[in-house]
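Starting from the structure of chain V, add chain L where the hints point.
Chain by chain, the residues:
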Amino acid sequence: MKSAQVIMDTGAHAAALAVKSARVDVIPGYPITPQTSIMEALSAMVENGELHARFIPVEGEHSSMAAAVAASAAGARVFTATSANGLLYMHEVLHMASGGRLPVVMCNVNRGIFAPWTLWADHQDSFSQRDTGWIQYHCSSNQEVFNTILQAFRVAEQINIPVMVNFDGFAISHCLMPLTLPPQEDIDRFLPPHEPEWRLDPAQPSSFSNVTNAPEYAPFRQMLSDDIIAAIPLVKQAAQEYKDITGMWDGDTIDTYRLEDAEVVAFAVNSMAAELRLSIDILREQGIKAGLLRPRLYLPFPTEDIISALPQNAQVMVLDRNYNFGHPGGILASELKSVLFGRRNDITVKNRVIGIGGIDLTRRFMAAEIRAMMDE
Amino acid sequence: MTTSIKQLPDIEQVLSGNGACGGCPATMALRIVGKALGSNAIMLLTPSCSVASMGMTPKLGYNWPCINICFATAGSSASGISHALEIMQEKGRLQGELPTVFCWAGDGGTYDIGFQALSAAAERNDNMIFFCYNNEAYSNTGVQRSGATPRGSFTTTTPTGKRQPKKNMALLMLEHNIPYVATATVAYPGDLYDKVVKAKNTPGMKYIEILAPCYLGWQFNMPETVQMSRKAVRSGSWLLWEAENGKISFNNPSAHIISGKKKAEPVDEYLMKQGRFSRLLKGSDAAQRIAEIQGDIDREIAFMRERAKITI
Chain V
1 MKSAQVIMDT
11 GAHAAALAVK
21 SARVDVIPGY
31 PITPQTSIME
41 ALSAMVENGE
51 LHARFIPVEG
61 EHSSMAAAVA
71 ASAAGARVFT
81 ATSANGLLYM
91 HEVLHMASGG
101 RLPVVMCNVN
111 RGIFAPWTLW
121 ADHQDSFSQR
131 DTGWIQYHCS
141 SNQEVFNTIL
151 QAFRVAEQIN
161 IPVMVNFDGF
171 AISHCLMPLT
181 LPPQEDIDRF
191 LPPHEPEWRL
201 DPAQPSSFSN
211 VTNAPEYAPF
221 RQMLSDDIIA
231 AIPLVKQAAQ
241 EYKDITGMWD
251 GDTIDTYRLE
261 DAEVVAFAVN
271 SMAAELRLSI
281 DILREQGIKA
291 GLLRPRLYLP
301 FPTEDIISAL
311 PQNAQVMVLD
321 RNYNFGHPGG
331 ILASELKSVL
341 FGRRNDITVK
351 NRVIGIGGID
361 LTRRFMAAEI
371 RAMMDE
Chain L
1001 MTTSIKQLPD
1011 IEQVLSGNGA
1021 CGGCPATMAL
1031 RIVGKALGSN
1041 AIMLLTPSCS
1051 VASMGMTPKL
1061 GYNWPCINIC
1071 FATAGSSASG
1081 ISHALEIMQE
1091 KGRLQGELPT
1101 VFCWAGDGGT
1111 YDIGFQALSA
1121 AAERNDNMIF
1131 FCYNNEAYSN
1141 TGVQRSGATP
1151 RGSFTTTTPT
1161 GKRQPKKNMA
1171 LLMLEHNIPY
1181 VATATVAYPG
1191 DLYDKVVKAK
1201 NTPGMKYIEI
1211 LAPCYLGWQF
1221 NMPETVQMSR
1231 KAVRSGSWLL
1241 WEAENGKISF
1251 NNPSAHIISG
1261 KKKAEPVDEY
1271 LMKQGRFSRL
1281 LKGSDAAQRI
1291 AEIQGDIDRE
1301 IAFMRERAKI
1311 TI
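Protein chains in written order, with the numbering used here: chain V, 1 to 376; chain L, 1001 to 1312.
Next comes chain L alone, as it looks inside the complex:
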């Protein structure tokens, strides 16, 4: 049974008063992550919105020791901390339960500039949780394209809409043979909470990616973050799944979409709610470009359905 939002612990690791935009999905997600991790953790941040909103020196809005690191280095930096803690414990210089080491990176710091160090940390199976909060663009620098930006999306560096599909980063992480991979999003807080708890209790490398609909980058109404997150899942453009030791299972409502019990909602309505697709939808080739986006979604659903059957 998925934990309900009412059952989440009272502990707050995201303190009141920080620089995030209203309706910020990354901050919302981090709050839930904090409830699952508790206070015994060390947080690494690469340049991203969560750095811009954490408070400026000497203030800090997150109730953990937080280290800001170079953009490309989340994976390797967390390896350094994780090994340091373990060896200091072995040598008797640290006592008690070791803190959870976790990276909190955006899609740029994960899919793009952070990919090499993350891939290597995963291949070494170093002990950490790597969170990617994915708002599908470089939102912190004013919304530029990333490897997570979906086809058709307008950004300041794709002024006529991105021509390429996004990559399936969570699946790439799964193919590193790490013990735990999961996807989540803010409309399903209990699902996210349970996945973080599972990751916390699993040794080795864990990867959790959280879809974070950003009202500024996606251009929808600020109070609709959670609705947009839910629409992303219901349209099948974001699939909720987890893989323990390589075995994929889907979580609802994505499980129903994969099994065919429920049909994914057509993508049109999801796209229409977002200004980032509006230029596309006004063009003469709108129908064709919507069909391309729908095609990307259908392909991913079909591919993940088949991939999950491989349990070797």
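Isolated chain V (complex conformation):
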């Protein structure tokens, strides 16, 4: 039996390696910073024969997602990637992917959105696509990016819902970290070939995404809403079986650190949540019983797992790297409050917006933020 290989790699290249080991068929792509290096790596792999797939160099992200959904409807396994304004440009077609029940997997490398321009990370891009009907993971390490893309294909194809795998621009996409590559036969065991129940087939002429009347439209939308929630057990199963096969674990719907006896709980996503583990250690050294709850899944929001994981009477410090315009804080805090209401009245929620447009989030800075929030 072959053993796993450990290399040093960037998050963007780790994503490309995961796509390669998923044996993807079609990759439409368009460059945008900081996602570009994923597409560069994949087009090189296709060009040199390392990956038997088609790379379609489209003229924009709207077309990128259009080619992705159409290729998926034809029965192919499809991947693409984008960032920030590219994601926003896709918006209309994101709805077609989910409404059309097409299991496309996409990486969104998080970046703040225009205007004004910024190249650096925050989470306004992915969170602003909340209502497009995509499942959304948020990853905190290069290894998790690799692992999650494989899990995403499995979940997407099981339930016919597209999946977005998000991770921070630069902090993850461009930084080297150790990366464990499981043997290909283990990945093949985890992710079987894509065999869609339905595809565009002249032997079976039928319409796809055609006009409906309300009696047909409403049940389609209800099914999508129900099935997104029904993805939660599939996400857990995928994480568990991936662990059984590869030995690697990044959490399932949530990831926790020193949470069991915590009185103060940091709540955040992506690379800042990895750094927050160190902030928790600092706070613990200062005698504060701190812990971390990171929703790995943003959509469907892991309501039940959050409710059962939060210790009694905890103060939850939500650190949002985005704005919930029209409200004083960020989007994660709103989501959290909405699920706690009436179910965990013992919990206090406090919220700050930090790290916008790539402002550096160090362990000491975030530890100090949490201390300051405790006094509010």
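Calculated from the structure, these hints are not laboratory results. There may be inaccurate statements among the hints.
[What the hints assert, rightly or not] Stretch-level coverage of chain L by chain V, calculated; a stretch enters the list once three of its residues show a Cβ under 8 Å from a Cβ in chain V: (1) 1077 to 1091; (2) 1193 to 1199; (3) 1250 to 1261.
[To be verified] Listed next, the in silico DSS-like pairs over lysine-lysine satisfying Cα-Cα at most 27 Å (straight line): (4) L/K1167 with L/K1091; (5) V/K2 with V/K337; (6) L/K1167 with L/K1006; (7) L/K1273 with V/K2; (8) L/K1263 with L/K1273; (9) L/K1091 with V/K20.
The model shown is predicted, which means the values in this text are computed figures rather than measured ones. We put the CB at the ideal spot given by N, CA and C, even for glycine.
Showing chain L alone in chain V's frame:
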């Protein structure tokens, strides 16, 4: 020799019973296209009259797998399907002759919102046939102006007649250096049929534009669709041509107009038959505005005559 209407195959891909208006030229054209393509094809539709008339879920009046896609995406969506089919065949997951992938878009989905994705698909020379059925307006939403609306035409967004000429979309597609471009219209079904057969047997990007006189948008009598289509060609306001690997040849009767063997009919009579020009013709500046339209037609004939001479 052009195939005669009597020689067209019996196969019907447009099934009886659909939501099209009586005398709909798009449906008529699609019927002929179906005879040329046969059943082994995949159809992509952007929002347009042919979507409104294809039947509502779960019914379908076209005998192909049909996918409705976002308005701006016909070119890129067809690229996605075409590449997916080819790679699945390479990997052994599809056997036999691959289906023809074709887009069926209106002039809005081609000239305007669809132009970017179409241009890029053409530049990549992806394998598809892109059909534009051109009724010279956004007919499906109730007749608004498009980039294909000719000068002088009334639409609900050009209430005093359009001030600009239409663009020559087929020529723009030719300048993408694609292997096959053709224009057609419903009054010449054999010509359309032959062009579709040629496109089907040519690998890479093919563009076929079909002038589709819409009685509702153009405001003429419903049974006169074919006559109006013929008048458009005879007046020279629509030229029948094709280009194989960049070399343009004209088809009759346009070939005679281009060569000067026959004169194009004056545009007046063609315009008078259509309500969409009637406001213009009632105005005090009618003569001047008719002369402008005639000028557009004469310029296009002269330009295409010269363009066809370039065979580099």
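Going through the hints against the structure:
1. 1077 to 1091: Contact hint for the stretch 1077 to 1091 of chain L vs chain V: holds, 13 residues under 8 Å.
2. 1193 to 1199: violated (count 0)
3. 1250 to 1261: violated (count 0)
4. L/K1167 with L/K1091: violated (42 Å)
5. V/K2 with V/K337: violated (47 Å)
6. L/K1167 with L/K1006: Violated: L/K1167 and L/K1006 sit about 34 Å apart, past 27 Å.
7. L/K1273 with V/K2: Outside the cut-off at roughly 79 Å; violated.
8. L/K1263 with L/K1273: With a Cα-Cα distance of about 20 Å, the restraint between L/K1263 and L/K1273 holds, given a limit of 27 Å.
9. L/K1091 with V/K20: Distance ~15 Å between L/K1091 and V/K20 Cα, so the pair holds.
Checked against the numbered hints given earlier, the structure breaks hints 2, 3, 4, 5, 6 and 7 and satisfies all the rest.
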